[in-house]
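Take the given structure of chain H and dock chain E to it, following the hints.
Sequence lines, in order, name chains H and E. The numbering of the first sequence is this note's numbering, which starts it at 1 and goes up by one. The numbering of the second sequence is this note's numbering, which starts it at 1 and goes up by one.
Think of the hints as simulated: they come from the structure by calculation, not from any bench. Please note that the accuracy of each hint is not assured.
[Unchecked claim] Here are the simulated DSS-like pairs of lysine-lysine, each with C-alpha atoms no more than 27 angstroms apart in a straight line: (1) E:Lys109 x H:Lys42; (2) H:Lys42 x H:Lys59; (3) H:Lys66 x E:Lys77; (4) H:Lys12 x E:Lys109; (5) E:Lys35 x H:Lys67; (6) E:Lys35 x H:Lys13; (7) E:Lys30 x E:Lys210; (8) E:Lys35 x H:Lys66; (9) H:Lys67 x E:Lys77; (10) E:Lys35 x E:Lys77.
[Said to hold, decoys possible] Coverage of chain H stretches by chain E, computed from C-beta distances (three or more under 8 angstroms per stretch; other residues unrestricted): (11) 12-22; (12) 65-73.
All figures in this text were calculated on a predicted structure; none of them were measured in a lab. Just so it is clear, CB atoms sit at the ideal spot from N, CA and C, and this is done for glycine as well.
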Amino acid sequence: MAKKARVIVTLKKGVLDPQGSAVNRALHAMGYGEVSDVRLGKLIEVTIDEKVPEAEERKRLEEMCKKLLANTVIEDYRIEL
Amino acid sequence: MHVGIVTFPGSNCDHDVYHVVKHVSGGDAKYVWHKDRLPAGLDAIVVPGGFSYGDYLRCGALARFSPVMDDVVAFAKAGGPVLGICNGFQILCEAGLLPGVLMRNASLKFICRDVTLKVEGAETPVTRGLAGRTLTMPIAHAEGNYFADGETLDRLEGEGSVAFRYLGGAPNGASRDIAGISGGPRRNVVGLMPHPERAAEALLGRDDGKRLFEALLAR
Numbered sequence: 001m002a003k004k005a006r007v008i009v010t011l012k013k014g015v016l017d018p019q020g021s022a023v024n025r026a027l028h029a030m031g032y033g034e035v036s037d038v039r040l041g042k043l044i045e046v047t048i049d050e051k052v053p054e055a056e057e058r059k060r061l062e063e064m065c066k067k068l069l070a071n072t073v074i075e076d077y078r079i080e081l
Numbered sequence: 001m002h003v004g005i006v007t008f009p010g011s012n013c014d015h016d017v018y019h020v021v022k023h024v025s026g027g028d029a030k031y032v033w034h035k036d037r038l039p040a041g042l043d044a045i046v047v048p049g050g051f052s053y054g055d056y057l058r059c060g061a062l063a064r065f066s067p068v069m070d071d072v073v074a075f076a077k078a079g080g081p082v083l084g085i086c087n088g089f090q091i092l093c094e095a096g097l098l099p100g101v102l103m104r105n106a107s108l109k110f111i112c113r114d115v116t117l118k119v120e121g122a123e124t125p126v127t128r129g130l131a132g133r134t135l136t137m138p139i140a141h142a143e144g145n146y147f148a149d150g151e152t153l154d155r156l157e158g159e160g161s162v163a164f165r166y167l168g169g170a171p172n173g174a175s176r177d178i179a180g181i182s183g184g185p186r187r188n189v190v191g192l193m194p195h196p197e198r199a200a201e202a203l204l205g206r207d208d209g210k211r212l213f214e215a216l217l218a219r
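Chain E with its partners taken away, still in its complex shape:
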């Protein structure tokens, strides 16, 4: 499985994703610089976390116009698996690949701590075999407050597009305690605020996050 990891100026979680995909999960990982086109032969794309374009204007607002994003959008529209983590989730929402927006945390604080997530909804490329499971992994963000209008939220719930929910309440004020959602023509696009790549090795304390990459690479 060849995974492309899209990197923007300011992305800083690309190396952790590369490490987990290649060295922990045994896949093939390739960095894709935002000014380049997507190489042929990719089976999945990860848009990693960080501070692309310094979060200027709005998180992910500028990154969505980078040249590579035309290819990422086409890849997603053709049904290819795309995983957006943290800033990656913000970029996917700004690009219109997922509905809604990630706003400033309700507390105004940058929150950096473990959260417990429930895997819900219909199956996605990263949640295959994980239905109903509880996973622990860290969040580290100041803009993770997921918002969409009531109609959209009801639709997401009804369709099973809420993929991850914070147990015990969203620490950031996210609507309906939503931590991650899915979309795309084949439910192939997934975005979540927590960092599975930071919880992928037992040696480092937690490895629930590895399950998402194992599911992604098992296709």
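For reference, chain H alone in the conformation it holds in the complex:
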């Protein structure tokens, strides 16, 4: 039995997001003037074999995030298990 953990990686507040700005401009050009800001993030789905108890697995996912999945200089992460 496997389960999917979802890791959501987002830019830290205050970090410039030119991609987000470009998408914002595009939405305005399409007529969606009500949009005031867009920021892009990443959704990473990690499929895990359910062998490890949840608390331990969450700890391991934290390590995965800190070491690889997010660059903590400019990114925050959120784990959904």
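Only chain E this time, still in chain H's reference frame:
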């Protein structure tokens, strides 16, 4: 001087570095494949540019976990000279050998053109004798926007760890117009976004970049 050139799947500037080290500057160059360990007897390491691991996840994020990087980190921590060029700079930052991160260019465009750099800060293995000089060499990158928090930037400036600065402003939005920095226990680790190996022969138009390799090989 024996220079090891670390090559990852997707590195594409390794041959230019080899050519400049060996045929232009008279050093001894060796490719080191990322899955191998560093051979003994190396005097310096270059982590060249390119698109290691296709820039998957983030530039340099996967390369830093290649087997060879354990040895590169140990070599750097022991004070050995390590030069990271472009993707190499990104890898050194991801590996924690240099602070900060290289983000997407502020303009979102891949920029491929000559830049003028000022050599600044305290002396490094590639800037010996070049203090205050102005060098012209090309950049070719989409993720060269150097970023670190204000405290780190102030510290880098204060310690003389900004090694290269874009004159006339950073084309990619880099904080404080930083093109390259130094670090490591003996200021032995240097990373820069521009490509000195592409500006090393007068015959090809520019040779300011050769100065960095001459400094590296003169130790």
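Structure-based check of each hint:
no.	hint	in the structure
1	E:Lys109 x H:Lys42	holds (20 angstroms)
2	H:Lys42 x H:Lys59	holds (20 angstroms)
3	H:Lys66 x E:Lys77	holds (22 angstroms)
4	H:Lys12 x E:Lys109	holds (22 angstroms)
5	E:Lys35 x H:Lys67	holds (20 angstroms)
6	E:Lys35 x H:Lys13	violated (37 angstroms)
7	E:Lys30 x E:Lys210	holds (18 angstroms)
8	E:Lys35 x H:Lys66	holds (23 angstroms)
9	H:Lys67 x E:Lys77	holds (19 angstroms)
10	E:Lys35 x E:Lys77	holds (20 angstroms)
11	12-22	holds (count 5)
12	65-73	holds (count 4)
Of the hints listed earlier, the one the structure fails to meet is number 6.
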